[in-house]
Structures are given as structure tokens and as C-alpha cells.
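Residue numbers (my numbering), protein chains in the order written: chain A, 1 to 326; chain B, 1 to 323; chain C, 1 to 322; chain D, 1 to 315.
Careful: at least some of the hints might be erroneous.
Here are the simulated DSS-like pairs of lysine-lysine, each with C-alpha atoms no more than 25 Å apart in a straight line [as the list claims (entries may be wrong)]:
hint, chain 1, residue 1, chain 2, residue 2
1, D, Lys287, D, Lys307
2, D, Lys307, B, Lys323
3, D, Lys8, B, Lys323
4, C, Lys284, C, Lys5
5, C, Lys284, D, Lys8
Sample of chain B residues with no beta-carbon within 10 Å of chain D, all distances over it, derived [what the hints assert, rightly or not]:
hint, residue
6, Ser35
7, Ala77
8, Arg261
9, Gly274
10, Ala305
11, Leu310
So these bits of chain C aren't anywhere near chain D, every CB distance computed over 10 Å [stated by the list, open to error]:
hint, residue
12, Pro53
13, Glu114
14, Thr174
15, Pro238
16, Gly276
17, Glu286
18, Ala308
It is worth saying that the hints were derived from the structure and are not from the lab. Just so you know, even glycine gets a beta-carbon here, dropped at the ideal spot from N, CA and C.
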Amino acid sequence: MNGIRWSYAINQWKPQFDDFVRREQHERALKTISIAGFEGVELTYGTGRWEPLGNPQQLAANFGSVAGFRDFVRGCALDAVSSWYWDPAERSMEHLTGPLSPLAEADVPAIVARATELAEALAALGGSVLLVRPVGGAGDVEPLDDDAIGRLAACWEAVGRATSEHGVRTALHVDFLSALRRDHVPRLLDRTDPSLVGLAVDTGELTAGGIDPVSVIERSGDRVWHVQFKDALAVDDAEEYLQPHAHWTVRVRGGAREVPRWFAEPGVDGGLVDFAAVTRALQAADYDGWIVVESDQSPHPAASALLAGYLVQRELRPLVEGKEAA
Amino acid sequence: MKDTLRWAYALNQWNVRLDVFVRHEDQQRALKTVSACGFDTIELASGTGRWDNISRPEVILLNHGSHQGFLDFLRRAQVRGVSSVFWDPQAPTEEEEGYAFRSTANPADADAIVEWSKPFVDFVAGVGADQLVVRPVGSAWMTPPLDADGIKVVADVWNRIGERTAAAGIGLALHYDCLGAVHTHAELTGLLEATDPATVGFALDTAELTVGGIDPVAFYREHADRVTHVHLKDTRYADTGEEYRMPGAESTMLKGGAGRRIERWFYELGTEGGLVDVPGFVAALREHGYPGWVVVESDHGGNPAELAMLNSWYLQRVLGVAK
Amino acid sequence: MVWTKWSYMDHWVTETPQGPQPPSFNRAYMDRYVKQLSALGFTGFDTFFFYLPLYAGMYGGVPGFERFLQDNGFDKITGIFSAYPSATRYTAPHVRETHDRIVADCENTLRMCEGLTGVENFIVMPTSTHHQTEPVTDDTIKVVADLWNRVGALTLQHGMKTTCHFEFWGAIRTREQLDTFFRHTDPELVFFFCDTAQHTIAGVDPVQMFRDYSDRCTGFHFKDTKNVDEHEAYRTPPDPELMAPQVTRWFYEMGEGGLVDFPALMKEIVASGYDGWLTVEHDKAELGGGSYAEATAVAKWYIDNVLAEAEAEARAELETAR
Amino acid sequence: MSDERAIKWSYMDHWRSNGPAGPVDQWHSHRTMSAFLKQIKAVGFDAIDTFDFRIWQMYGDYGGPAKYQEMVQDHGLERIVNTFHAADYDVRNYAPHLPETHENILEDFRVTMGRWSEIELDNIIVMPATLYYDMEPVTEDKLKYSAECWNKVGEITAGSGVRLTCHHEFFCGIQSEPDIDTFYSYTDPRYVSLFVDTAQHCIAGVDPVALYDRHAHRVSGFHFKDTRNVATGDDHRHRPDSEIMAPTTGKWFHEMGTDQGLVDFAAMMTAVRDNGYRGWISVEHDKANKEGGDYSESTAISRWYAKNVLEEIYR
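Please put together the full structure from these sequences, using the hints given.
As C-alpha cells, this is what we get:
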């Protein structure tokens with residue numbers, strides 16, 4: 001692939017488990033993404049019959065086959081599913097399995113098998129990156145010693161090897177609650193084979209975690225295989241991510257300060273990320289691949305997609321194209 | 001609400017825009033919501049044109065045929081009647097000379113405004129309501145500050161209309177709002193002194209006074225004999241002192257945030273950080289044996305049903321009013 | 001070539017801390033609204049006369065607002081909509097005595113447009129509600145026509161064409177009434193504005209209407225409907241638009257399975273040589289849980305993916321015929 | 001006391017409100033929970049029902065069901081009356097019509113009842129079958145196996161003082177009138193009760209009033225909600241889902257008192273009276289926020305209807 005391609009993440013359309021289940025809602029969301037100027041869509045893993053876009057089994061159940069879903073996406077004038085986000089700690093009703101842990105060697109074969117399924121479907125949908133949550137939240141796992149880092153590296157190398165057989169790269173998506181926040185990320189990267197495992201830079205998550213995304217790109221640019229552009233509205237500077245169940249108490253509920261909303265579409269009023277700077281850093285690192293724009297959650301999904309489309313069309317894409325033309 | 005105070009609920013929070021709250025079934029849902037919250041009496045706000053068909057008297061009558069027809073419509077939802085109707089003669093309407101801009105501060109407009117009051121006086125009396133609640137004067141930013149003579153001009157208009165309301169057997173209550181040209185404690189007291197206590201009363205709005213920098217509890221204690229109507233709502237903010245003079249304050253202050261990003265000023269009772277001492281105020285009403293209506297409202301603040309229910313809960317659980 | 005002159009008619013509602021409101025709620029909402037239209041690729045902006053003072057307040061004058069649009073990729077403000085939906089003692093197009101007042105109102109609106117790049121259309125509802133105007137006789141239509149002839153001459157002095165947008169609930173709604181009206185108006189002064197949904201609801205084929213009046217047509221509202229008025233809803237007093245008993249929502253965005261054949265209209269437009277603005281309008285898109293942002297995105301998607309194809313086909317046919 | 005009421009009203013835990021980042025449920029934070037309970041109380045509900053899966057939030061956020069119930073009581077509501085056991089039915093491991101899965105189901109209930117032991121519930125409500133398409137063809141044997149399963153479950157829950165009661169979704173395997181009747185003929189009245197959901201039966205083409213009259217002695221509660229549509233064609237067996245995805249209908253459930261509602265609530269309430277039922281009626285409006293709806297308003301309207309229409313019949 002040459003150059004940067006722009007995609008949009010679907011997750012903001014599904015605030016609650018019984019929302020965004022019907023076909024016509026999916027069609028309108030995909031058309032909105034398309035007309036806002038994006039060529040791809042990123043899916044988020046989900047399970048069960050109210051997650052029709054959550055996994056390959058549900059795609060088949062709803063669209064006849066993965067190819068049927070590809071036709072549906074193309075019918076909405078999008079080229080591809082760029083990428084799929086998956087956290088192995090999510091259970092699978094389709095496989096009757098509970099959470100899988102990359103720290104548990106016994107779970108690795110199942111993780112590899114599941115990732116392979118996702119990669120295979122993703123390849124058929126024109127996508128190229130499987131994003132994974134490399135490890136649980138900092139408050140939910142033991143501190144990561146060398147041995148733990150080694151187990152994680154082994155797991156994700158195995159996954160990377162398996163997905164690459166389908167032409168899909170595996171990229172580690174480190175969120176602001178991750179046990180890998182701060183210095184653990186380089187440690188894990190250093191322990192993995194650069195041909196098998198890459199990094200997904202999520203501007204919003206890094207910023208909320210107090211990490212400058214530009215510095216990550218400058219330091220590890222050669223390892224960046226995927227980029228997500230979302231804005232952050234607050235920083236967890238009190239290190240609340242170290243608390244147990246921070247996914248719920250900090251991310252959803254906003255922690256002690258009751259932050260009403262951590263993330264939003266790029267360019268939102270009060271957003272902390274400098275997207276022009278991030279884009280320039282990516283160019284300096286010769287990044288080519290998908291940039292997936294997201295708002296995570298939104299009080300108004302269509303408006304978020306259009307506002308993000310505005311920023312991409314008028315500010316960010318011209319930066320990229322200016323350079324390519326030069 | 002079963003209480004010695006008379007409680008009513010204002011419908012204005014549903015009518016947030018030109019083209020909403022028009023269909024009768026939508027209005028029935030609001031009325032049932034108010035009823036389910038324990039209120040059986042409502043206050044109406046005025047408006048204009050065919051889509052303000054639960055506000056503008058002429059349009060209400062066009063929809064329901066007669067005062068009785070409208071009361072029958074309310075009673076389908078177990079709402080028994082109307083406490084009061086709000087009217088702002090400064091707000092241009094198609095019914096009033098085709099969107100004429102007139103002001104009580106302009107002596108040349110007085111005759112026309114007195115004439116405009118007729119459909120309201122007739123309607124308030126016709127539906128058996130108690131009070132015509134009015135905006136006594138336009139916004140402060142539109143005019144130079146009023147001196148005593150200016151206040152007298154305004155007062156004279158209301159004294160004339162007060163004669164009409166008294167003749168019709170209803171009350172007239174001047175409603176203070178935080179943008180009005182009668183803004184300070186002194187101006188407000190001046191206006192009350194210039195009007196006839198026998199025919200012109202005061203509609204005390206707890207949140208509006210608070211935003212305007214006047215303590216509603218203290219003001220009530222000072223002027224309890226003049227207070228003939230109450231709007232009970234809360235606010236989280238007060239004017240810093242000059243914000244009400246911002247050009248286009250209806251928009252730039254109350255919606256535009258006054259440069260402080262305040263996009264909502266008025267809140268339901270019990271809101272976090274509310275500035276109004278609601279229990280203290282209600283206790284003062286009880287002490288003085290306040291005989292009029294207490295209209296609960298939240299103005300424009302989001303989900304109307306949710307606000308009505310939260311207000312009802314507050315009355316029941318915090319103020320101890322039996323439903 | 002692809003049609004570039006798409007404009008958006010300024011109906012929009014967005015959630016605010018004070019409930020669902022037009023974006024004129026405050027400047028930040030307004031900016032976000034314009035950015036969303038810009039992202040979709042609209043280049044023209046139509047609005048209502050009563051929004052002009054609000055926009056002037058927020059952007060330092062109506063031309064300041066237009067500059068903001070232009071900074072965001074728009075060409076200009078393309079149309080101004082003015083109307084007297086309810087007849088009053090003071091303003092009623094079918095009552096000759098009120099015409100001076102209406103003309104004066106129009107002058108005020110024109111004054112607010114001074115300094116703009118070039119508004120093309122002064123869009124009017126020719127009459128008030130049907131139930132306030134009936135009986136609608138030839139004479140009634142003549143009175144109305146006289147008014148718009150007057151206004152038409154006035155707006156042309158300001159470079160704008162007075163163009164008539166017919167509501168299904170207005171007094172001029174049937175094909176016969178439309179023909180009568182256009183016969184009584186001066187083709188140099190009064191033009192036709194084709195609202196696809198309104199005509200369809202009134203039982204008039206908008207494509208045929210355009211075919212017959214293409215030489216006087218200066219604009220369109222592209223919107224859809226799912227109902228023809230079969231119950232005389234247009235006569236519902238006091239208001240047919242929102243209160244008709246049988247139909248709670250009349251208008252839909254394009255591409256949602258409505259009654260209007262937009263590709264056919266697009267082909268007709270290309271074939272006619274029309275080269276003005278095409279306008280998308282959504283009225284009450286929020287009903288039933290809808291959102292303006294999404295409705296607008298889906299409509300523009302339809303333009304770029306379905307109508308563009310119809311346009312290309314029509315151009316190819318023209319080429320072949322040449 | 002003369003105003004002792006025969007009927008009290010409970011509100012079944014479905015709720016959404018608009019948060020700064022999109023719709024949230026009441027369990028989002030203590031603040032949203034408090035606002036929810038205030039609204040329920042304001043319109044005159046007496047108590048709430050909940051879901052089993054909320055137990056985690058009760059333990060995690062409130063220190064357990066008893067502590068959570070204290071918060072409910074602090075808002076003026078009596079208690080938690082019923083819980084709905086929303087299980088993941090799957091023919092591989094959790095299917096009442098397949099005896100080989102029964103032990104897994106029984107174990108689930110042993111664990112569940114332990115979790116609830118801090119408070120006293122009236123009913124634990126279940127959907128008594130898998131999705132329709134996972135059970136069909138519905139045979140007498142399958143109904144019998146299902147009945148055996150719930151008899152045993154009911155014995156377990158009765159051991160904790162809680163009634164096991166069955167709620168027949170229109171898309172589950174036991175939803176037609178004859179199948180429901182057969183099912184109850186095989187279940188033990190001591191251990192298995194019927195929970196009448198007015199809308200679900202109506203959608204399945206079953207008259208809820210007649211069904212109730214026939215099984216009144218087995219009925220331990222109600223969901224009063226309305227619908228505007230009867231299922232047609234394959235609506236009840238639509239793959240992968242009928243509840244949200246049936247092509248014919250985007251929103252099955254409406255609050256009682258809705259325009260064009262199909263349930264005859266007056267007849268239902270009359271039947272409740274004539275059968276001498278005393279106790280709780282639960283009000284539910286599942287997915288009220290779809291298609292522009294609003295939970296607060298639906299809740300107010302349904303309570304208005306209960307007070308002004310139904311309580312005139314029986315209270």
C-alpha cells in the first residue's frame with residue numbers, strides 16, 4: 001500500500017448493547033462515513049445477535065457470508081473495512097468462551113485461532129490491520145515483570161505470524177488504562193519481531209494517558225502500523241488508571257473528577273491533540289497505511305463524523321497531499 | 001399536590017421551538033406527564049401563530065372552539081385548569097399589528113398595548129385562571145437605563161391594564177426577569193411603588209431574581225404583600241453585573257454563554273450547585289400564608305418529562321408536599 | 001462533469017443544553033453546522049429572512065456570515081426564503097389592501113442582503129394557508145399574481161429573482177391553479193421554484209411541472225415524501241403542515257423509498273439545459289428519532305452516488321443525440 | 001386500613017437518558033441512578049424490578065444488593081420486587097428442551113440464588129425456552145423436557161424463598177397458545193409460575209386476558225406494556241434476531257396507554273380484579289427510546305394510565 005488512507009471507526013454509533021442493530025441503521029452510518037470523505041470503516045469486535053458487525057460469524061448470519069458484507073459495504077460507496085479492533089478479554093458467545101488472557105500461555109492457542117478468523121475475514125473485506133488490546137488494564141493485572149513481558153511478546157508474535165499469512169498485520173493498541181502505559185510499551189516492542197508485530201498509535205488514548213503521540217511516532221515511527229485519530233478532552237494525570245476496574249470507574253464514569261467525556265472527534269472544542277503536528281510527524285516517519293478517525297462515543301454520531309470529515313478534508317489531507325505532490 | 005400552597009406547572013419547557021409541540025397528541029402527553037407528577041393546574045406561555053396553539057389565546061380558541069372546549073381538552077389528561085397565562089407585549093406577534101415592535105417604555109405605544117391585552121384578559125377570565133403574568137418592560141440592552149420618569153411611563157401602562165384585569169375579576173402580576181430594563185433592586189421597588197397595589201401585583205421568579213442579583217427570599221420578605229404570583233425554578237449562575245446589557249442578551253447571554261460558556265442558565269429544583277434557597281423560600285411563603293399560585297418551571301433545559309419528574313420528586317421528598 | 005451547484009436550505013436542529021434547537025442557538029453551534037455542510041460538499045446556502053438578523057449578530061453583519069461560509073468552501077448565500085403562511089389582518093397575499101405592507105417587508109429583507117456576493121433567488125410562498133384563502137377563484141389568484149409581479153420588479157432591482165415555492169397546503173396547489181397563476185404573472189418578473197415533495201403531496205407531478213415551466217424555473221427543493229394527500233389534509237384548520245390527522249410526518253430526505261423520482265428529475269434538468277442551483281431541504285427530519293446531520297449526509301450521499309449517475313447518463317444521451 | 005391497596009406498581013429496569021457522550025443507562029453513575037429513582041418515585045411507582053446481570057454493579061458500585069436496596073429506599077421506594085434472569089440460551093450448553101444441558105442450567109441458578117441471598121425477592125423471571133429457531137420444531141417431548149428443567153429450577157429458587165416464573169417472549173420456543181398450555185400441564189404449580197407480559201403475548205397472537213384467566217392460579221406477576229404490531233410471517237423466528245431485527249417492525253414495544261395499542265388493558269385489569277389477584281404489577285417499556293421515544297415521558301404516561309384508567313377499575 002502506498003500513501004495514507006482515511007477510514008472512520010463505527011464504534012461511536014453503538015452506545016448501548018441494544019442500539020445500532022438494524023440493517024438500515026448500518027446502511028445510514030456507512031453512507032454517512034462515505035459522504036464525509038472516508039474510504040474505509042473500522043469495525044469493533046462484539047459478540048451475540050445484537051452485534052451484527054461484531055465478528056465473522058455474525059457477519060455471515062446477517063449478510064449470508066463475509067463476502068455478502070463486503071458487497072454491502074461497497075454498496076454504501078466505501079472501499080474497505082480498514083481494520084478490526086479486538087480485545088481478547090471480550091467473551092465469545094459464538095465460541096462459548098470467556099475472557100482470554102495473553103498472559104496465560106494456555107490461552108495463546110485460542111487467541112491465535114480467534115485472531116486468525118478475524119484476519120481471514122478482514123482480508124476478504126479489503127482490510128489490512130488487526131488491532132489488539134495487548135494486555136488488560138493496569139489495575140486489573142499484576143505488575144508486568146520481564147517474564148510477563150516475555151509472555152506477551154510470545155503471544156503477539158504468534159498472533160502476528162498467523163495474521164500475516166492472510167496479509168493482515170497485527171498492531172498493538174495501547175489505551176490509557178493499559179498496563180503497558182508509559183515505559184512498558186517500548187519494552188514490549190523491543191521484545192517483539194518488527195516483521196510480526198507493530199504499534200497502533202491512538203492519539204486520544206495516548207494523550208489521555210499523559211503521553212505525547214508525536215513523541216511516540218518520533219521514537220517508534222518505524223513500528224507504527226496503524227493510526228487512530230481521536231481527540232482527548234481530559235488527561236488522567238492523577239494516575240487513576242492504576243485502580244481496579246478502571247475501564248468502568250475511570251473510562252465510563254470519569255473517575256474521581258467525573259470527567260463527562262474523555263474522547264471526541266478530532267478538532268472538537270477543547271480537544272488536546274494537535275492533529276496537524278501528529279500528521280506531520282507521521283509524514284516525517286514515512287508512515288503509509290490507514291488513519292482511522294474516531295470519536296469513541298458521541299452524543300451525535302453523524303455530526304461527529306461530519307465534523308471529523310471537515311477537519312480531514314480541509315486541514316489534514318492537504319498536509320498529506322502537499323507532501324506527496326512535492 | 002395536596003398542600004396549603006397551590007401548586008401549578010408551567011408548560012413552556014415543552015415548547016422549545018417554532019415547529020414543535022403542535023400536535024394535540026404531543027400536548028396530551030405533556031399534560032399527562034404533568035398530571036402523573038401530581039400537578040393538576042398549568043400555566044400557559046404566550047406565543048404567536050398557528051403553531052402556538054396551546055399558548056396564544058386566539059389560536060387556542062381556534063383549536064378548541066371555546067374556553068370550555070379547551071378546559072375539556074385539559075381534563076382529558078386529568079389537568080383541571082389553568083392558573084395563569086404569561087404575556088410579553090414586547091415580543092412581536094402576528095396577532096399584534098403584524099409583528100409590530102412596541103414597548104411599555106414608549107408612551108406612544110401605551111394605547112396599543114392596553115388594547116392588545118384584551119384577548120389575554122378575556123382568555124384568563126374565560127378559562128377561570130387567576131393571573132395574567134406579564135413582562136413589564138423590554139430588555140435592558142435595548143434602551144438607556146430607566147429613570148423614575150421612565151419607570152412611571154411603564155407603570156402607567158400596567159395601571160391601565162390593571163383596571164381591566166380587576167374589572168374582569170383576575171389579577172395582574174408583573175414578572176421580573178434577569179434581562180429586563182427594570183433590573184436593580186431599586187428599579188424594581190420603584191416600579192412596584194409606581195403601580196397600584198390594589199390591581200397590580202408582583203410575580204416573583206426565584207431564578208430570575210437570583211440571576212439578576214436580587215435575593216428572592218429577602219425580596220419576598222420585604223414585599224410579601226405585593227407578591228401575587230410565584231415562579232419556582234433554580235439557577236446555577238448569577239449575572240456578573242453587566243452581562244444583561246450585552247447586545248442581544250437573549251441570545252448572547254442566555255444561549256451564547258455570556259463569554260463564560262454558560263449554555264443553560266435555568267435548572268430544576270434540587271439541581272447540584274443551585275443558587276436558590278428553595279426550602280427557605282417556600283418556608284417564607286408558608287410563614288406569610290401566601291395565597292397565590294406557585295408555578296414550578298424549568299424553562300428550557302433539556303428533556304421536559306425528566307425535568308417535570310425531578311421537580312415533582314423534589315416537592316414530594318424535600319419539601320414534603322403530599323402528592 | 002458533475003453538478004457542483006448544490007445548496008442547502010437552512011432547516012437544521014441540533015441538541016443543545018436547552019433542548020433541540022436551531023444552530024443559531026449560539027456561534028459555536030453555528031460554526032459546527034457550517035463545517036458539517038462544508039464537509040459534505042455543499043457550496044450554496046439558502047436561508048430564511050428571519051435568520052438574517054441572528055447571523056448578522058453572530059458574524060458582524062450578514063456579509064460577515066457569508067464570508068464565514070466562503071472561508072469554508074461555499075460560493076455564497078444563494079437564496080432567501082420569505083413567507084406569510086398565516087394570513088393576518090396586516091399581511092395576506094390574497095388581500096390587496098395588505099400588499100403595501102408586504103412589499104415594505106420585502107424591502108426590509110432586501111436591505112439586509114446588501115453587500116452580499118449575489119443572492120439569486122428571493123423565494124416566496126405565494127399564498128397563505130388554503131383554509132384561510134378559500135374559495136380560491138380566478139380572481140383570488142389574480143390578486144396574488146399582482147402582488148408577486150410587484151415584488152418581482154422590486155427584487156430584480158437588487159439582482160434577485162422572485163420565485164414561487166408552492167406548499168401543498170397553500171391556496172395555489174393544483175395543476176390548474178398553478179397554470180392560472182403563471183398565466184397571470186409576468187415571465188420576466190415572477191419565476192418558478194420547484195419543491196419536489198410539496199407538489200407530489202398535492203398530486204402534481206414535479207417532473208412534468210418542471211418540464212412545462214423549465215424556462216421560468218430558477219430553483220428546486222430536493223426533498224421526498226411518502227404520502228399523497230388523499231384526505232384533504234391541505235384544508236385542515238388551523239394548520240395542515242403539522243396537525244393533519246392522518247400524516248404526522250410529510251417530508252423525508254432523498255433515498256429513503258419515497259414517491260419522488262429524483263433520477264428522472266435529474267435527467268430532465270440536464271436535458272433542459274438548466275444551470276442554476278439545486279437545493280436540498282429537510283423539514284422536520286428529527287421526527288421519529290431522526291437527525292439532521294444524518295439526513296443531510298444520507299441525502300448528499302444519494303446525490304453523489306445515485307443522482308451523479310443519472311446526470312452522467314443524461315449527459316451521455318445528450319452527447320449521442322448531438 | 002381502608003386505603004390498603006390490593007395492587008402496587010413496580011417499574012422494570014429499562015432506562016436510558018442522554019449523557020454527554022451519548023445515551024447511558026441509570027447504572028452509569030450514582031448520579032444517574034439517583035435521577036432515575038427520583039423520577040420513578042415522582043410519578044408514583046412503589047418499587048422496582050431489575051435484571052440479574054445488574055448484580056455485578058450492585059456489588060461493585062453499591063456494596064451488594066442490600067446496600068443498593070437501601071439507596072432505592074432512600075428515594076422513597078419500597079424495595080426490589082423481582083429480578084429477570086436474562087441467560088444466554090445456546091443449544092450447545094443452555095437449552096431447556098435439551099436434557100443434556102440441564103445440569104449447567106441448574107448450576108447457574110444455584111449460584112444465582114446465592115448472589116441474591118441478602119434481600120428478599122418475590123420472583124425470578126425467566127424466558128422458559130431458547131429462541132424459537134433454536135427449538136423448532138416444537139414437539140411435546142421438548143415441552144416436557146423444558147417443564148422438567150424448570151420444575152427443578154423452581155425447587156432451587158423456592159429453597160431461597162423466591163418463585164420461579166416464566167415470561168414468554170414472542171420469539172422464544174414456547175409462545176403459542178397450545179404450547180404454553182402444554183408446558184404448564186407438565187410443570188409443577190408449586191415450582192413454576194406464569195408471568196404474563198401483555199405485549200409479548202399479544203405480538204405472538206395470544207390473547208393475554210384469556211391466557212391469564214385460564215392460568216390465573218399460576219400467575220405470579222405481570223409486565224404491563226403495549227404493542228402496535230402482531231408478528232407476521234417469520235417475525236418470531238427471524239435469524240439471527242427477532243426482537244430488534246425483524247424487517248416488519250422497528251419497535252415492538254410501547255408504553256401502555258399508547259395510541260393504536262393492541263392490548264386491552266381495561267379487560268386485563270378487570271380480569272386481575274375478578275381473579276382476586278393481590279400484589280405487584282410491573283410496568284415495562286423495553287426500548288422506549290427507539291424511533292424518537294423517551295423513557296422519562298413513557299414512564300410518566302404509563303403511570304398516568306395506571307392511575308387514571310386502571311386504578312379506576314381495581315386498586
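Now the hints, each set against the structure:
no.: 1; hint: D:Lys287 <-> D:Lys307; in the structure: holds (23 Å)
no.: 2; hint: D:Lys307 <-> B:Lys323; in the structure: holds (13 Å)
no.: 3; hint: D:Lys8 <-> B:Lys323; in the structure: holds (16 Å)
no.: 4; hint: C:Lys284 <-> C:Lys5; in the structure: holds (24 Å)
no.: 5; hint: C:Lys284 <-> D:Lys8; in the structure: violated (40 Å)
no.: 6; hint: Ser35; in the structure: violated (6 Å)
no.: 7; hint: Ala77; in the structure: violated (7 Å)
no.: 8; hint: Arg261; in the structure: holds (14 Å)
no.: 9; hint: Gly274; in the structure: holds (14 Å)
no.: 10; hint: Ala305; in the structure: violated (4 Å)
no.: 11; hint: Leu310; in the structure: violated (6 Å)
no.: 12; hint: Pro53; in the structure: holds (31 Å)
no.: 13; hint: Glu114; in the structure: holds (41 Å)
no.: 14; hint: Thr174; in the structure: holds (32 Å)
no.: 15; hint: Pro238; in the structure: holds (21 Å)
no.: 16; hint: Gly276; in the structure: holds (35 Å)
no.: 17; hint: Glu286; in the structure: violated (7 Å)
no.: 18; hint: Ala308; in the structure: holds (29 Å)
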